[in-house]
Structures are given as structure tokens and as C-alpha cells.
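Engineer: If you want the building blocks of each chain, they are given just below.
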Amino acid sequence: RRGKMAKSTQLIDNEVFRAYATYTAIVLLKMMLMSLITAYFRITRKAFANPEDTASFGKGESAKKFLRTDPDVERVRRGHLNDLENIVPFAGIGLLYALSGPELSTALLHFRIFAGARILHTFAYLIPLPQPGRGLSWAVGYAVTLSMAYRVLTAAWLL
Amino acid sequence: RRGKMAKSTQLIDNEVFRAYATYTAIVLLKMMLMSLITAYFRITRKAFANPEDTASFGKGESAKKFLRTDPDVERVRRGHLNDLENIVPFAGIGLLYALSGPELSTALLHFRIFAGARILHTFAYLIPLPQPGRGLSWAVGYAVTLSMAYRVLTAAWLL
Amino acid sequence: RRGKMAKSTQLIDNEVFRAYATYTAIVLLKMMLMSLITAYFRITRKAFANPEDTASFGKGESAKKFLRTDPDVERVRRGHLNDLENIVPFAGIGLLYALSGPELSTALLHFRIFAGARILHTFAYLIPLPQPGRGLSWAVGYAVTLSMAYRVLTAAWLL
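Chains as they are written, first to last, in the working numbering: chain A, 59 to 217; chain B, 59 to 217; chain C, 59 to 217.
Simulated from the structure, these hints should not be mistaken for lab results.
Errors might be hidden in some of the hints.
[To be verified] A short, non-exhaustive set of chain C residues, derived as facing chain A with CB atoms under 10 Å:
id : residue
1  : VAL74
2  : ALA77
3  : LEU162
Backbone N, C-alpha and C fix where the C-beta goes; we use that ideal spot for every residue, glycine too.
Make the full structure from the sequences, and use the hints.
Structural biologist: Structure follows, in C-alpha cells:
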């Protein structure tokens with residue numbers, strides 16, 4: 059079956075596409091990790107959003123006090139939303155970029171810088187590092203996506 | 059034209075890709091449904107986020123009181139954000155997975171379990187069901203995406 | 059290399075796919091613009107979410123007062139989240155739609171209306187325009203995505 063698939067699409071046999079697949083899987087997994095970190099802080103800080111999540115702490119007032127926001131939880135959630143806002147455009151524009159026939163070395167440069175910047179961004183957000191650490195790592199990832207979008211629009215332009 | 063398209067890509071003629079397209083469309087439509095449910099609760103609970111949305115209730119103080127948060131609205135919004143956090147990685151990693159040449163039966167197993175888990179998750183969130191109903195349905199969808207990511211990284215690895 | 063890529067996938071040489079790539083890049087760039095607008099309002103309104111972002115305003119109480127929500131910032135953030143909720147399904151379902159072999163003219167009609175509706179939606183949210191301006195522009199984009207999803211499910215259905 060692998061042979062048939064490869065014959066009909068061959069996308070996965072293309073080196074640029076393989077690099078895209080590798081880095082996109084990595085940054086999407088990194089984004090998914092934010093869910094686990096949120097859960098970790100919700101449990102250790104005892105700060106939940108839904109009444110049914112506090113049922114194990116007893117009923118009534120004793121459970122109600124755990125329905126609250128916590129600064130650490132909110133920080134992870136902001137990092138998660140920032141990932142959505144930045145990794146989604148990377149994944150979408152990156153796919154189009156990978157299919158536009160760039161040089162492998164150029165594509166790898168884009169993907170590596172983006173993945174590195176987003177991993178740095180997560181550390182900068184969660185530690186947290188003093189600014190402009192988080193701002194710069196955000197800007198680098200943003201610039202990589204803009205660069206890929208420029209290539210996509212140049213190669214594909216059909217309005 | 060359909061013939062020309064099929065000849066140049068043939069993706070849509072690949073059974074694994076057709077299964078991916080079907081399930082991805084279904085879970086994205088399910089995610090879009092959350093917008094309508096949010097609108098339904100905003101209107102029935104009279105709880106809006108923007109001043110211009112309350113203009114039909116009159117001007118000044120009489121309208122201002124509808125600029126508020128409502129527990130039911132916030133619950134749907136949390137479910138919607140959870141969909142974004144989980145269905146986006148599924149759609150992205152699932153596409154790469156579908157292009158990595160898996161067995162149709164294995165791919166269908168992944169897609170069916172994910173779609174079922176996310177539909178259950180929505181019911182668990184909106185009814186709401188007691189925990190660990192929501193937690194388990196979330197974890198099952200998460201595990202399916204991890205399993206597909208493992209296959210993608212094994213098949214495509216190019217760092 | 060471009061020639062080799064084109065031979066192995068040819069996706070970028072397909073006119074419908076080129077149109078999809080163009081419009082998806084445009085709406086994703088528009089979504090990314092919301093980050094810059096949020097930053098602009100955070101800086102001009104002096105309203106930040108993270109303590110480390112206010113360090114340049116001094117230490118202690120003098121900086122703490124800038125850790126606050128601002129109506130203009132929150133409005134842009136709601137617009138940004140609405141983009142995520144609507145542009146993500148468009149990008150995902152639109153890719154499947156583009157690969158399902160639609161007529162170029164029909165595809166262009168879908169993409170153009172969606173992009174126009176989302177650009178209008180942003181203006182309606184940020185100015186803000188009185189309702190139902192924002193509601194209608196949202197509904198038009200939503201309907202376009204539903205129409206593409208119908209086509210995808212008809213062409214690909216494999217459950």
C-alpha cells in the first residue's frame with residue numbers, strides 16, 4: 059500500500075515536504091504540550107474553570123473556592139493562545155510554501171528558525187524571561203511566516 | 059476538469075485521503091457549530107461582549123446591563139477554545155499522516171476514534187457530564203493525535 | 059529543483075490550488091495582522107497582561123497599574139479569536155475543497171467572497187460598525203465554508 063500511495067502522491071517522498079512534515083509535527087506537538095502544562099497548574103494550584111472539575115474536593119462551598127483563576131494557569135493559557143495565533147499561520151502558509159518548490163536548504167532554514175523561535179517563546183513565557191526575550195522570539199517566528207507567505211504569493215498569485 | 063485535476067494530484071482518489079477529508083470536514087463543522095451555540099446562549103441569556111450588540115435593547119443603562127458574562131455562554135466558549143486546541147493539531151498532523159501512506163483500516167480507526175471522542179467531549183462539556191467523562195474524551199482524542207504524530211515523524215523525519 | 063517538485067506534485071501548477079494558496083495566504087496574513095493591532099493598543103493604552111511587559115514603566119506599584127484590561131485591547135482580541143474560529147475551518151476545508159476538483163470559477167467565487175467577508179468583518183469589529191454589519195459579514199464567511207464542506211463531503215465521503 060505504501061508503494062501505491064507513494065505513486066499516487068509522492069508528497070512524502072519529496073524532501074522539502076518531509077522537512078515540513080517533521081517541523082510542523084514538532085511545533086504542533088509543542089502546542090499540544092501546553093494543554094498538559096495547563097492541567098498540571100490547574101491541579102497543583104487547585105484552580106478550575108468548571109464546577110464538575112472540583113467535585114472530587116467535596117460539595118458546596120468547600121469545592122466552590124477552587125473555581126477561580128490563578129496567575130500561573132492564566133500565563134500558560136496565554137502562551138497556548140499565542141501558539142494558536144502563530145503556529146496555525148505557520149502550518150497553513152508553510153504547507154503552501156513547501157508545495158511551491160523552494161530549495162531544501164532555504165526551506166530548512168525557515169522551518170528550523172521558526173521551531174527554535176517558538177520553543178524559545180514558550181520558555182520565555184513560562185519561566186518568565188525579562189522582556190524583550192519573549193517579544194523577540196515571537197517576532198522571529200512571525201518574520202519567518204511572513205517570508206514564507208511572500209514566497210507563496212509570488213509563486214501562486216491568482217486572485 | 060475533474061479528470062484533469064485527478065490526473066495532476068489524484069489525492070482525492072486516494073482512499074486514505076478521502077477518509078481524512080471526510081472526518082476532518084466533520085470535526086471542523088462540529089467546531090463551527092460551537093459559534094452557533096454561543097450565539098444561541100448569548101441571545102437567550104442576553105449576555106453580550108460588544109456594546110453594538112445590545113443596541114436593539116435600547117440605549118444607555120437599559121442596554122448596558124446586557125454587557126456581561128454568563129456561565130452558560132462561557133462554558134460554550136471554553137468548549138470552542140478546547141476544540142481549537144485539539145482539532146487544529148488533528149487536522150494538521152492528520153493531513154501529514156494521511157500522506158504518509160498508512161493502511162486504510164488503521165487510518166480509519168484513528169479518524170473514527172478521534173471524531174467520536176471529540177463529539178463525546180462536546181456533549182460532556184455542554185450537558186455537563188460528571189468528570190472524568192470530559193477528561194477521558196479529551197485524552198482519547200489527544201492520544202489519537204499523538205499516535206498519528208509518531209507515524210508522521212517515523213515516516214518523514216528530516217530535521 | 060522547481061521542475062522536480064512540480065513533476066512530483068504539480069499541486070502549485072493547478073489553477074484552483076494556486077487560487078486557494080493566494081486567498082489562504084491573504085486571510086492568514088490578515089489574521090496575523092491582529093497580533094500587531096493588539097500590540098499597538100496594548101502599548102498606546104498602556105494595558106498589559108504580563109508583569110514582565112510593564113518593567114520598562116518602573117518597578118512596584120507604578121508598573122502594576124498597567125497590568126489591566128482595556129476595552130480597545132479586548133475588542134481586538136475578540137476579533138482575533140473570531141478569526142481563528144472562522145479562518146481555521148476555511149483553510150482546512152478549503153484545502154480539501156481545492157483538491158476535490160471544483161471549477162476554477164466556482165472556487166474563485168468561494169474564495170473571493172470569504173476573503174471579502176472576513177476583511178469586512180475586521181473593519182466592522184474594529185471601527186465598530188453598528189449591527190448587523192459584523193453579524194452579516196461573519197455569516198457570509200460561515201456560509202461559504204459550509205458550501206465548500208458540502209462539496210468536500212459529496213466528493214470524498216468515506217466514513
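Engineer: Against this structure, judge whether each hint is valid.
Structural biologist: Evaluated hints:
| no. | hint | result |
| --- | --- | --- |
| 1 | VAL74 | holds, 9 Å |
| 2 | ALA77 | holds, 5 Å |
| 3 | LEU162 | holds, 9 Å |
In summary, this structure violates none of the numbered hints.
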